[in-house]
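Note that the protein sequences, when read in sequence, are chains A and B.
When we follow numbering that gives the first Met the number 0, the leftmost residue of the first sequence carries the number 0, and every step to the right adds one.
When we follow numbering that gives the first Met the number 0, the leftmost residue of the second sequence carries the number 0, and every step to the right adds one.
Derived from the structure by calculation, the hints contain no laboratory data.
One thing to keep in mind: the hints can contain errors.
Same chains, same names: a pair is fine if it fits in one copy or spans any two.
What the hints assert, rightly or not - Straight-line alpha carbon distances no greater than 25 Å define the calculated SDA-like cross-link-like pairs of lysine to any residue that follow:
1) LYS270 to ARG42
2) LYS44 to ARG255
3) LYS166 to ASP280
4) LYS239 to GLY106
5) LYS232 to GLY106
6) LYS239 to SER189
There are 2 protein chains.
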Amino acid sequence: MRLSNDVFILGTGESKYGELWDRSLREISVEAGLNAIESSGIRTKDLDAIYMGNSLAGMISGQENIGALMSDYAGIADEDVPTLRIEASTASGAAAVHQAFLSIKSGEYDLVMVGGVEKMTELYGTEMIDISSSILDREWEAFFGGTPAAMAALSARKYMKDFGVGKDVLAAISVNDHKNASMNPIAHFSNIISLDQAMNSTPVAEPLNLMDCAPQSDGASCIILASESYMKKEGKEGVKIAGNGISQEYFALHSRDSLYSMKSTVSASRKALDRAGISLDDVSFAEVHDSFSIYGIMALEDMGFAPRGKARDIVLSEIGLNGRIPINPSGGLKAKGFPYGATGVGQFVEAYLQLMGKAGKRQIADPEYALLHSVAGTGSTSIVHIVGGE
Amino acid sequence: MRLSNDVFILGTGESKYGELWDRSLREISVEAGLNAIESSGIRTKDLDAIYMGNSLAGMISGQENIGALMSDYAGIADEDVPTLRIEASTASGAAAVHQAFLSIKSGEYDLVMVGGVEKMTELYGTEMIDISSSILDREWEAFFGGTPAAMAALSARKYMKDFGVGKDVLAAISVNDHKNASMNPIAHFSNIISLDQAMNSTPVAEPLNLMDCAPQSDGASCIILASESYMKKEGKEGVKIAGNGISQEYFALHSRDSLYSMKSTVSASRKALDRAGISLDDVSFAEVHDSFSIYGIMALEDMGFAPRGKARDIVLSEIGLNGRIPINPSGGLKAKGFPYGATGVGQFVEAYLQLMGKAGKRQIADPEYALLHSVAGTGSTSIVHIVGGE
Numbered sequence: 000m001r002l003s004n005d006v007f008i009l010g011t012g013e014s015k016y017g018e019l020w021d022r023s024l025r026e027i028s029v030e031a032g033l034n035a036i037e038s039s040g041i042r043t044k045d046l047d048a049i050y051m052g053n054s055l056a057g058m059i060s061g062q063e064n065i066g067a068l069m070s071d072y073a074g075i076a077d078e079d080v081p082t083l084r085i086e087a088s089t090a091s092g093a094a095a096v097h098q099a100f101l102s103i104k105s106g107e108y109d110l111v112m113v114g115g116v117e118k119m120t121e122l123y124g125t126e127m128i129d130i131s132s133s134i135l136d137r138e139w140e141a142f143f144g145g146t147p148a149a150m151a152a153l154s155a156r157k158y159m160k161d162f163g164v165g166k167d168v169l170a171a172i173s174v175n176d177h178k179n180a181s182m183n184p185i186a187h188f189s190n191i192i193s194l195d196q197a198m199n200s201t202p203v204a205e206p207l208n209l210m211d212c213a214p215q216s217d218g219a220s221c222i223i224l225a226s227e228s229y230m231k232k233e234g235k236e237g238v239k240i241a242g243n244g245i246s247q248e249y250f251a252l253h254s255r256d257s258l259y260s261m262k263s264t265v266s267a268s269r270k271a272l273d274r275a276g277i278s279l280d281d282v283s284f285a286e287v288h289d290s291f292s293i294y295g296i297m298a299l300e301d302m303g304f305a306p307r308g309k310a311r312d313i314v315l316s317e318i319g320l321n322g323r324i325p326i327n328p329s330g331g332l333k334a335k336g337f338p339y340g341a342t343g344v345g346q347f348v349e350a351y352l353q354l355m356g357k358a359g360k361r362q363i364a365d366p367e368y369a370l371l372h373s374v375a376g377t378g379s380t381s382i383v384h385i386v387g388g389e
Numbered sequence: 000m001r002l003s004n005d006v007f008i009l010g011t012g013e014s015k016y017g018e019l020w021d022r023s024l025r026e027i028s029v030e031a032g033l034n035a036i037e038s039s040g041i042r043t044k045d046l047d048a049i050y051m052g053n054s055l056a057g058m059i060s061g062q063e064n065i066g067a068l069m070s071d072y073a074g075i076a077d078e079d080v081p082t083l084r085i086e087a088s089t090a091s092g093a094a095a096v097h098q099a100f101l102s103i104k105s106g107e108y109d110l111v112m113v114g115g116v117e118k119m120t121e122l123y124g125t126e127m128i129d130i131s132s133s134i135l136d137r138e139w140e141a142f143f144g145g146t147p148a149a150m151a152a153l154s155a156r157k158y159m160k161d162f163g164v165g166k167d168v169l170a171a172i173s174v175n176d177h178k179n180a181s182m183n184p185i186a187h188f189s190n191i192i193s194l195d196q197a198m199n200s201t202p203v204a205e206p207l208n209l210m211d212c213a214p215q216s217d218g219a220s221c222i223i224l225a226s227e228s229y230m231k232k233e234g235k236e237g238v239k240i241a242g243n244g245i246s247q248e249y250f251a252l253h254s255r256d257s258l259y260s261m262k263s264t265v266s267a268s269r270k271a272l273d274r275a276g277i278s279l280d281d282v283s284f285a286e287v288h289d290s291f292s293i294y295g296i297m298a299l300e301d302m303g304f305a306p307r308g309k310a311r312d313i314v315l316s317e318i319g320l321n322g323r324i325p326i327n328p329s330g331g332l333k334a335k336g337f338p339y340g341a342t343g344v345g346q347f348v349e350a351y352l353q354l355m356g357k358a359g360k361r362q363i364a365d366p367e368y369a370l371l372h373s374v375a376g377t378g379s380t381s382i383v384h385i386v387g388g389e
């Protein structure tokens with residue numbers, strides 16, 4: 000029966016993440032796509048659909064209809080593979096995976112490409128700050144000067160005050176990201192930073208400084224998803240999507256119950272673990288959405304890796320590659336980079352590489368399950384996937 | 000077994016289509032949503048997900064993440080109903096319906112809201128022409144001055160030349176749209192136009208004039224979809240989604256085999272009819288994507304309502320409400336209006352009203368099946384649904 004059909008990651012591909020001034024949106028999309036196809040050993044004409052995650056290409060590059068662009072420039076427009084774009088701001092990539100997952104579960108499709116792309120360095124300065132603020136409530140947050148960094152700073156200040164936490168706790172998230180990214184060849188940043196450097200960088204929105212804020216990166220990530228019946232028929236190996244959860248919360252920060260908890264993350268992670276039939280203790284490592292260091296802290300607490308206000312107990316000692324719960328082996332949003340629409344798909348690339356034992360220098364020993372956490376804006380939507388298992 | 004579970008339209012709602020200068024994106028979205036909920040007799044907390052179709056809100060209103068906006072302002076953010084935005088330029092609404100359909104087919108969801116919205120009159124003139132050109136290939140069409148109207152004019156001129164067709168044939172599409180819209184209380188235009196008026200309006204992009212071009216409208220449409228098991232459990236009546244097809248073609252017009260055939264429409268309509276198990280003769284009426292009159296002509300020929308070059312044989316005599324094949328009883332894109340992301344959802348509203356016998360003055364006698372046709376840009380993606388039947 001098709002409905003119990005599991006969905007597998009069959010292969011992955013990425014472009015470099017970084018400031019890719021000499022490369023266009025379509026070039027990096029296609030590079031990631033062709034890498035994923037090669038990694039999967041499939042033919043493009045076998046694809047049933049393409050889902051593209053993208054947040055801002057309309058505003059940055061004047062280009063909507065990214066799905067059609069991808070299909071055409073990958074050279075498969077003649078093969079009638081339908082493409083759509085999925086957008087949930089900074090969670091667009093994970094949302095695209097979610098839709099592709101459902102489309103295979105529906106029995107309509109067997110083999111689906113999911114791409115995520117963002118080209119963020121075409122514009123700079125106040126114009127880019129305004130565009131990135133389109134992921135907030137335009138009329139009630141952005142219009143009054145709210146930016147993503149400013150909103151995150153509110154959460155950080157309240158968190159630090161209520162729990163008597165110092166900047167070292169926030170900084171530890173970024174230090175860990177940079178260390179892991181130094182072993183990821185496609186990462187935006189390859190430099191290691193010290194806790195001292197991370198705590199004393201240029202202020203952005205107090206108490207957050209430059210090292211608390213993920214960069215605006217160009218980049219594309221792509222995965223190929225396949226139905227269980229396809230995997231069996233073709234005798235392929237892959238990594239199972241074991242569970243997923245998607246949850247919603249008020250759009251604007253001022254409507255929320257708490258400044259340092261995203262209810263959507265609490266709910267989405269519970270759903271995902273329930274569906275996978277595992278507990279948090281079974282998770283070998285996690286990729287969390289640390290667009291700002293405070294959001295990494297909040298995610299660890301919202302998902303139960305640490306009690307509320309106690310993330311310091313793990314982030315200073317236990318989140319390294321060899322720690323009790325490795326966080327962001329890819330380098331995370333801070334150091335692998337943060338191309339909005341690509342990030343959520345990129346987390347699946349990291350999960351695939353780690354679980355297949357192909358992560359090179361940053362390989363975690365014998366991982367079984369990965370938890371992947373993606374957030375839209377300041378938490379209006381959270382999407383959590385559990386990947387791995389038998 | 001869930002996989003054979005059909006998907007039904009349970010209720011619908013719309014805002015007015017038109018130039019709604021005193022109303023915001025979120026207001027019209029919520030109006031359409033609440034109308035659909037009331038029409039369906041459901042409680043918002045029973046919704047499993049919300050899909051929003053939108054094309055240009057980022058570029059026009061600086062607002063991405065429309066899904067979260069809709070959920071919040073409809074007052075259901077506290078009920079943890081996940082929302083995503085689907086974008087396929089001018090086919091965004093139909094694409095959102097397609098994804099919602101798959102999500103119910105997957106067995107994950109039973110009751111899903113699909114909204115489509117666009118607020119297009121916030122900006123005018125060259126700025127708006129540039130934004131609407133983001134649905135084309137930015138680097139190879141829009142950059143060189145191509146606009147949606149200019150691309151359609153190329154198709155129109157070639158069609159008229161190759162088949163010796165006069166402007167009356169194109170104009171007949173718009174005349175029919177205006178006549179039907181005069182009986183649709185939410186339509187953008189309520190005025191009837193003569194063939195002479197339609198043929199001799201202000202030029203826009205020769206040979207297309209103002210009456211060949213759908214307006215830029217504000218508007219929102221919403222439908223509630225439900226699984227068969229939900230319908231049975233709750234004892235509800237609705238209209239079945241009997242078949243669907245989604246197909247892809249080269250992005251830019253210059254890559255296509257023909258200027259006056261959209262291969263994606265040919266393929267999508269065949270798929271949809273096959274899945275519904277019906278032939279074109281079984282279709283009681285069609286809503287076609289006539290963003291420009293020539294696209295209406297091309298759609299009728301691509302889907303087989305008329306042989307290639309022969310649409311004149313039907314559009315001058317057989318497409319009225321009482322004709323052999325009524326086209327666009329809603330008023331179509333030209334006269335009901337063309338809010339990009341709403342249009343594809345709005346077609347489902349018309350199908351529901353007609354098939355439930357609730358279409359008022361424009362009611363078609365005893366319709367059984369509706370064909371709904373939506374196009375992204377100049378045809379890169381076409382989406383066709385068949386609605387109705389037992």
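**Message:** Hint compliance check: list the failing hint numbers for this structure, sorted ascending.
**Reply:** 3 and 6
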